[in-house]
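K.L.:
Once you have looked at the hints, place chains B, C and D on chain A.
Residue numbers (the working numbering), protein chains in the order written: chain A, 1 to 336; chain B, 1001 to 1336; chain C, 2001 to 2336; chain D, 3001 to 3336.
Calculated directly from the structure, the hints in this document are not laboratory data.
One or more hints might be untrue.
As the list claims (entries may be wrong) - Using C-beta positions, here's what the derived DEER-type ranges look like:
1. C:Gly2223 - D:Gly3223: 42 to 50 Å
2. C:Asn2209 - D:Ser3101: 36 to 44 Å
3. A:Asp80 - B:Asn1209: 50 to 58 Å
4. C:Ser2331 - D:Asn3209: 17 to 25 Å
Unchecked claim - Dumping the calculated DSS-like pairs for lysine-lysine here, alpha-carbon to alpha-carbon at most 30 Å:
5. B:Lys1003 - C:Lys2031
6. B:Lys1248 - A:Lys204
7. A:Lys3 - D:Lys3031
8. D:Lys3003 - A:Lys31
9. D:Lys3165 - D:Lys3003
10. B:Lys1321 - A:Lys327
11. D:Lys3083 - D:Lys3002
12. A:Lys262 - D:Lys3129
13. B:Lys1204 - B:Lys1083
14. D:Lys3083 - B:Lys1262
Stated by the list, open to error - Stretch by stretch, here's where chain D covers chain A in the computed footprint (C-beta under 8 Å, at least three residues):
15. 251 to 258
16. 261 to 269
Heads up, the beta-carbon is just placed ideally off N, CA and C, and yes, glycines get one too.
Number of protein chains: 4
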Amino acid sequence: MKKITVGVIGAGRIGKLHVENMLQLPNILVKTISDPMLESAQAWGHERGIQQIVPDPQLLLDDPEIDAIFICSPTDTHVDLIKAAAKQGKHIFCEKPISFSDTETLEAYEAIKEANVKVQIGFNRRFDKNYARVQQCVTNHSIGQLHILKITSRDPEPPSLDYVKRSGGLFMDMTIHDFDMARFASGSEVTEVFVTGGALVNPKIAEVNDIDTAVISLKFANGAVGVIDNSREAVYGYDQRIEAFGSKGAAESRNEQETTVKLSTAESVSEDQPLHFFLERYNDAYICEIRAFFEAILTDTKPPCTFEDGIMAQRIAQATKESYETKKPVSVKFLS
Amino acid sequence: MKKITVGVIGAGRIGKLHVENMLQLPNILVKTISDPMLESAQAWGHERGIQQIVPDPQLLLDDPEIDAIFICSPTDTHVDLIKAAAKQGKHIFCEKPISFSDTETLEAYEAIKEANVKVQIGFNRRFDKNYARVQQCVTNHSIGQLHILKITSRDPEPPSLDYVKRSGGLFMDMTIHDFDMARFASGSEVTEVFVTGGALVNPKIAEVNDIDTAVISLKFANGAVGVIDNSREAVYGYDQRIEAFGSKGAAESRNEQETTVKLSTAESVSEDQPLHFFLERYNDAYICEIRAFFEAILTDTKPPCTFEDGIMAQRIAQATKESYETKKPVSVKFLS
Amino acid sequence: MKKITVGVIGAGRIGKLHVENMLQLPNILVKTISDPMLESAQAWGHERGIQQIVPDPQLLLDDPEIDAIFICSPTDTHVDLIKAAAKQGKHIFCEKPISFSDTETLEAYEAIKEANVKVQIGFNRRFDKNYARVQQCVTNHSIGQLHILKITSRDPEPPSLDYVKRSGGLFMDMTIHDFDMARFASGSEVTEVFVTGGALVNPKIAEVNDIDTAVISLKFANGAVGVIDNSREAVYGYDQRIEAFGSKGAAESRNEQETTVKLSTAESVSEDQPLHFFLERYNDAYICEIRAFFEAILTDTKPPCTFEDGIMAQRIAQATKESYETKKPVSVKFLS
Amino acid sequence: MKKITVGVIGAGRIGKLHVENMLQLPNILVKTISDPMLESAQAWGHERGIQQIVPDPQLLLDDPEIDAIFICSPTDTHVDLIKAAAKQGKHIFCEKPISFSDTETLEAYEAIKEANVKVQIGFNRRFDKNYARVQQCVTNHSIGQLHILKITSRDPEPPSLDYVKRSGGLFMDMTIHDFDMARFASGSEVTEVFVTGGALVNPKIAEVNDIDTAVISLKFANGAVGVIDNSREAVYGYDQRIEAFGSKGAAESRNEQETTVKLSTAESVSEDQPLHFFLERYNDAYICEIRAFFEAILTDTKPPCTFEDGIMAQRIAQATKESYETKKPVSVKFLS
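Next up, chain A with everything else stripped away, as it sits in the complex (with noise of 0.2 Å):
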C-alpha cells in the first residue's frame, strides 16, 4: 500500500489534533512540522516522534519527499501557502476560512486548478455521522423536498477578545461552519441572507466590532428557507444540533453526551449536559475527514469538502457581515 508523506504547518491547536489522528492512520507518514515558536513544538513533536520540527513553512515546501502539506497556520497565511503548496504539486488540506478576502481566495483558486492537486478544506462537521444522517435524510428524499433547515451553533465558552480581533468576527471564525453545513446538509447554495444579533454575552466585544449572538436567516436555490442560531456562549455546554424539515417530515439531532445516565433524585431528574467542546463532540468526524482526503489521495477522486465550498462558505460569511452592517438582506455572490 502507497504511504503518503505529510507536512503540517502550524502547531497550534488544530495542527496538533490533525497530527495526533495522522500518528494513528497506517501508511502516512508525518515527517516535518513548521512552527514559528520553535522550541514549544519541538517539545511536543519530539514526544511524538515527528523526524523534523522547524521554523519555516518553506522547508516543509521545498521537500520533494512530501506529499500533502496540511495548512494549520493563522488565516492570513493561508492564501501565500497554498498558492506555493500548489506551486510544488503538493496535495493541501487547508483549515477554514480560506481567506479573509474574496479576491486572495480566488488567487489561490487560480493556483490550485492550474497545479491540478487535491485540496480539501476542513469543514469537519460534513463527517460527523449526526450531520451526516440527517444530510442523507434530506439527500434519499425521507423528509421529501426540503422546507426548512434549522442549524443551532453555539459555543461554550467565549474567545479571548485578542483572539475576537483577529479571527475576521463571528460569521467567518464561528458561523463559517454553519455556513458550509446549511450548503451540505440542504444539498443548495444559499442565495440571501439577514442577521440580527449583537453583543451579548460580552458588550466588549461590540467595542471591536463584532457580535457573539446572531440569528441569520437563509434563503436557498432550491426555494427552501433557514435559519442559523449563534451563541458564544452556551454555558451547558457546545449546543450542535440540526433539524432538517420537508414535505414528508423532518430529521434533526440531539447533542451527543459523556453517557446516557439519568440520575433521579428527590430534587430533579438529570443527564450528562452536552460534550463539552469541539474536541470531544468532533472527535470522530476529525479523523474521518483526515481519511477521507487520504483516500481522496491515493484513489485519485475528487476530495469530499472541495475549494469551492470554501470559496462558498467565505461568501455567505461575507454577505451576512454585509447584512449586519447594512440592516438588510444580502445576496450571496456565486461562483461562475
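P.N.:
Leaving out everything else, chains B, C and D in the frame of chain A:
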C-alpha cells in the same frame, strides 16, 4: 358563589369548543348561542341543554341577564361586536385576531376602555403548561438574561384554499399565536421583523397571494433576538415547540405525545407522533384560558391576556406581512 | 338515554375520587353516600350537591332507586357488602382487594354469580393509556410472542405504620395492582411466584411483619417469565413503568411528567420528575374505569375487569406472601 | 517509559480484538500469538506486523522476553495455561469464565497467589462509561443506600447450537458478565439466587439442556435485592441497561445508539436501534480494560478486576445453574 351568565356568538369549531368547556364549569351558565346557521346550531345546542339558540347576536347583546360575551364569529365581525358589547357593559372574550385593520382595532380599543369591561383575547397557548414553564424560566431568570428565543409552530395539515383566502394570510391567521407567544415568553416587545418563506406546501397558495412556509427573524426591545418557523403542513403532527436561550442556560419544550410507549423491533425504534391537532394538544389550555377570564370577572382584576396584547400581536403580523411584500426588515409600531 | 343511580359506600380518598368523577358524567346520579364519619362526609357531600349522606350502608342497599353500588370502604367490609348488594340485585363496583381471605372471596363470588349482577374490580391501571398500549403490543403481536414482562411499581412515599398494619401487607395492598397488570398485559395466568425483599425503607415495617421493598419473579402459563419490583418509597416520584419483551421486539412505557420542558444550565440538564402520585398519574384512568363500568351496565355486557380478575390477583398476592414466609417458589391456585 | 512485551494465546474473535487494541497502544509490543489454526492466524497476524505466529502456547510461556500473557483460548484450556504462566512468572489477562469447575479454578488461584503475578479477568463492562457512572452513583451515595439493582442483558442474536453446547450454559457463558456487574455495581456480594426461564427463543436449546431466556432474582449481602433478565435474542439490537435504585434516588443507563437523529414522518417517529453488538457497544471499554491491566503492571498495583472477582462470578453462575435444576433458591458459596 356568584354565577356568570354567558352568551356565545358563533358556533363554529372554536365556539363549540368553548361551550363544551363552559358546560363543565360550575357557576357558569351558557344561556344563549347565536349563529346564522340556525338549524345545525340548534341541533348541536339543544343536545347540550342550551336554552336559546338564535340567529342574530343582537339578541344576546340586548339581554340584560347576560354578563359576558364570547365572540367566536369570523374576524370581520369582531370590531362591531366588541363595540356593541362594550356599549351594553358586557365582559368580552374575543378570538384572535381582533381585526385585520389597525384603525378598526383601535376604535374597538376606545370603546372597551370607555365601557370599562373585562376583555380577554384568545391566545390559548399562554395557558399551556409547557409554554408557561418556559416563560417562567425566563421570568425567574433560571436561564439568566434572554438572548435567543426560538418558536417552532407547524400545523399538521393545510387549510382549504377557500379558508386561506378569508384568513388574513399566514401571519394574521396562524403566526399571530407565535407573535403573542414571542411577547409572552420574552417579557419584551418585538421591535422589528424580517421574513423569508414561500408557498412550498401548496403552490396554489401563492396564487391567492399567501405563503405556507416561513422563517421570521425577531428583534426584541430588551436586546434579545428570535426566530419563528412556520409550516402549514407537518405530516407527522402538530409541531409546537419553544426554546429560550440565555446567559445562564436554556429551557426548551418538546411536543406532547399520546403515550410514553417506545416500540423496538428489528425494523425500528419508534414512539408516538406529536398530538395531532390543537384540540388535543391545547385541550387543557383552553379550559385554563376561560377559567382565567371568569376569575378576572369575579375578582375584578385584569384578565391575563389583554386587548393590548391583541393589538400588538396584530401589529407584528402586519409588519411581517409588509416585510414579506417589501423583502426588507420592518419595524413594529408601538402603542403610545 | 337511561340514567344510572349510584350509591357510594365509603367516603375516604378513593370514594371521594370516584364521586368527583361521576359528577362529571352525564346520566349518572350519585344519590347517596354512606360513611361512618357522618359529619365530615356531609360537609364534603353537600358542597357537591349530593342528596343523601348517611351513616349506614344498609340505607343504600335497601333503596330500590339505586342501580349500582360503589364499595370504597375498608377491605374487611367488602365481602358482606358484596353479598348484600348482590342479594338486592345491584351492580357492584368494588375496590381492590376483594378480601384478605380466599374462602370469603369465593363466598362473595357465589353470591354475585347467583344474582347475575355486573361486577367490576377497581384495577384502574388497565385503563391507563400507556399500560393499555403496551398490552395492545402484546395482544396484536407487535412484539411477537411474549418472553419477558417487567413491571416497576414504586410509591413516592411510604404509608404510616398504622396503615401498613391494616393493609394486608405489601403484596395484598400495593403489589396487587401489579399482579393484575401482569395478567392483563401478558394475556396469561401467573402460575408461580418467588419473592425476595426486605424492610429497607423503614425497618419498623419489619416489626409489623411486612416488607417495603421486593423483587418478585413470575412464571406465566404461556411459558413467559416476568418480574415485578416494588418499593414503598421512590423519593423522585411515583415510578410506574412496564416493559414487554418478545420474539419480535419490545414495548416499554416511561413515566408521565407534568411538562416536557428540559432546563440546561452550567450545573445540569434536568427535566420534570414523574407525576407525584396516583391521583395525578391515573386521573384519566379512573374516569375511563367508571365509564367502562357504566357502559357494561347500559349495554348489558361483561365489565372489562371482572370478579375473576379480582380473585386471581388476590391469589397471586397470597402465593407471594407464602413465598416470602417459606423462602421458596410457590404455585398459584387456579379457578377450577 | 517501560515497554511491556505480550504473548496472546488464541486468535479467535476476542483474541484478535485485544491484539488490534494493543497495536494502538504505545509501549506495548505484541511479540507472539499462538493458535492451533496456524495458517489463518498467520495470514491475519502478519498483515498487522506481528513477529511470531506459532501453533503451541508453550513457545510463549517459555519465552523470557514475554512479560504478560493474554489467555483468549477456549475455557477448558484456561486453568492449565494460568498455572503454566504463573509458574513462569508472567502476568496474566484471562478471558471469562476462568473455568467450568470450582475445584480447578481454585487450583489456578493457588498458583497465581504463589507466583505473585498480576491477574486480570476480562469483565470488560466494568470499563464502560455508562456502567461505571451508575456504579459511581451507588458508591458516592448519590442514590443513598442501594435497595434494588436491575440489569437487562440481551444479545442481538442467539449463538449456534454447537456453540451453546460447548458454552457452559447461559449463566456461565453470558450471564457471568451480569453476575460480575451485579457485584461491581452494588459493591456487595450476591448471597442467593433464584432463576426462572426457558428455551423460548429456540426450543432446540432445551434439547442440549440449556435455556435462552431467564429472570434471575438476587439477594445481596448488604440487604439489597436485584434482578437480571437475559435473552439470547433481542431482535432490535444489543440491549444492555442497568438501574440502581436506592433510598435517595435512582440511576439508570439507556442503550447507546449510532446517532442521535430522530426521524418524524407521517408513519412514525423513529430513532436508531441500540448499537448492534458487543464489538460496537464495548469498543472503548475493551481499550480501557487492557490499559488498566498494563497500568497495574507498570505501577505494581492490583488490577481492577481480580481473580477473586472471577471466582465469585463463576460461583454465582454455578448457583444459578443449580437453582435452575432444583427449581429452588440457592445460596452462593463465599471465598473463605
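K.L.:
For every hint, state whether the structure bears it out.
P.N.:
Evaluation of the provided hints:
1. Between Gly2223 (chain C) and Gly3223 (chain D) the beta carbon distance is about 33 Å. The supplied range of 42 to 50 Å is therefore violated.
2. Distance hint check for Asn2209 (chain C) and Ser3101 (chain D): the Cβ-Cβ separation is about 43 Å, which falls inside the suggested range of 36 to 44 Å.
3. Here the CB-CB span from Asp80 (chain A) to Asn1209 (chain B) is close to 53 Å, well matched to the stated 50 to 58 Å.
4. Look at Ser2331 (chain C) against Asn3209 (chain D): about 24 Å separates their beta carbons, and that is inside 17 to 25 Å.
5. Taking the CA atoms of Lys1003 (chain B) and Lys2031 (chain C), the gap is near 24 Å; set against the 30 Å cutoff, the hint holds.
6. Between Lys1248 (chain B) and Lys204 (chain A) the CA atoms are separated by roughly 19 Å; this keeps the pair inside 30 Å, and the hint holds.
7. As the CA atoms of Lys3 (chain A) and Lys3031 (chain D) are separated by approximately 24 Å, the hinted pair is consistent with the 30 Å bound.
8. Proximity of Lys3003 (chain D) to Lys31 (chain A) is assessed by CA-CA distance (about 24 Å); at most 30 Å being required, the pair is judged to hold.
9. For the proposed pair Lys3165 (chain D) and Lys3003 (chain D), the alpha carbon gap of about 40 Å is over 30 Å, so the pair is violated.
10. A hinted pair counts as satisfied when its Cα atoms are at most 30 Å apart, and Lys1321 (chain B) with Lys327 (chain A) qualifies at roughly 18 Å.
11. Using a Cα cut-off of 30 Å, the hinted pair Lys3083 (chain D) and Lys3002 (chain D) holds, with the two alpha carbons roughly 26 Å apart.
12. Distance restraint check for Lys262 (chain A) and Lys3129 (chain D): the Cα-Cα separation of roughly 13 Å lies within the 30 Å cut-off, and the hinted pair is therefore satisfied.
13. Simply put, Lys1204 (chain B) and Lys1083 (chain B) have alpha-carbon atoms about 37 Å apart, too far for the 30 Å limit, and the pair is violated.
14. Straight-line distance between C-alpha atoms of Lys3083 (chain D) and Lys1262 (chain B) comes to about 50 Å, which puts the hinted pair past the 30 Å bound.
15. Check result for the segment 251 to 258 of chain A against chain D: holds, 7 residues qualifying (beta carbon to beta carbon below 8 Å, three or more required).
16. Requiring three or more residues with a Cβ within less than 8 Å of a Cβ of chain D, the coverage given for the segment 261 to 269 of chain A holds, as 6 such residues are present.
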